[in-house]
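*Asks:* Sequence:
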Amino acid sequence: TGRIRNLINRDFGSFNDWKTDFTAAGKSARGWVVLAYDCDDKTLHNYLQDAHNLGVIWRAIPLLVLDVYEHAYFIDFGIDRAKYLDAFFANIDWEEINRRLGTTPACPPPTTPLDEP
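Numbering (the working numbering), first residue to last: 1 to 117.
The set of hints was computed from the structure by calculation and includes no laboratory data.
Calculated lysine to any residue pairs in the SDA-like style (CA-CA distance at most 25 Å, straight line):
1) Lys27 / Asp76
2) Lys83 / Pro62
3) Lys19 / Asn98
4) Lys19 / Leu48
5) Lys83 / Tyr47
6) Lys42 / Ile92
7) Lys19 / Glu96
8) Lys27 / Ile92
9) Lys27 / Asn53
10) Lys83 / Gln49
11) Lys19 / Ala82
12) Lys27 / Asp38
13) Lys83 / Ala72
14) Lys19 / Ala51
15) Lys19 / Asp86
16) Lys19 / Tyr47
17) Lys42 / Gly102
18) Lys83 / Trp94
19) Lys27 / Leu54
20) Lys19 / Arg100
21) Lys27 / Asn9
22) Lys27 / Asp80
23) Lys19 / Cys39
24) Lys19 / Arg99
The task is simple: from the sequences and hints, build the whole structure.
*Replies:* Now the structure itself:
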């Protein structure tokens, strides 16, 4: 509902297309899946991040983060990651995501390359 639904429909074609993409990333990632607002192209993207120290997402505002490391789901779901993903989607607080998104995301200004004064 709200602004996030409109942006998902705009940037992914439909809610179901976004969910299919996010779920596929969740099934294949080893670390995190992040729905984020990109400050440069002003669109939403699903990012797959397999390590804490690699693949940092620059100039994007995280809106929804899914932990798919085994410690996140193994005790409750065993090896059934699909069931974990279903539970994750059933518990998303879309109003909180709309609050995070706000009316305009607070994007930091672009950085100046080191070789420029």
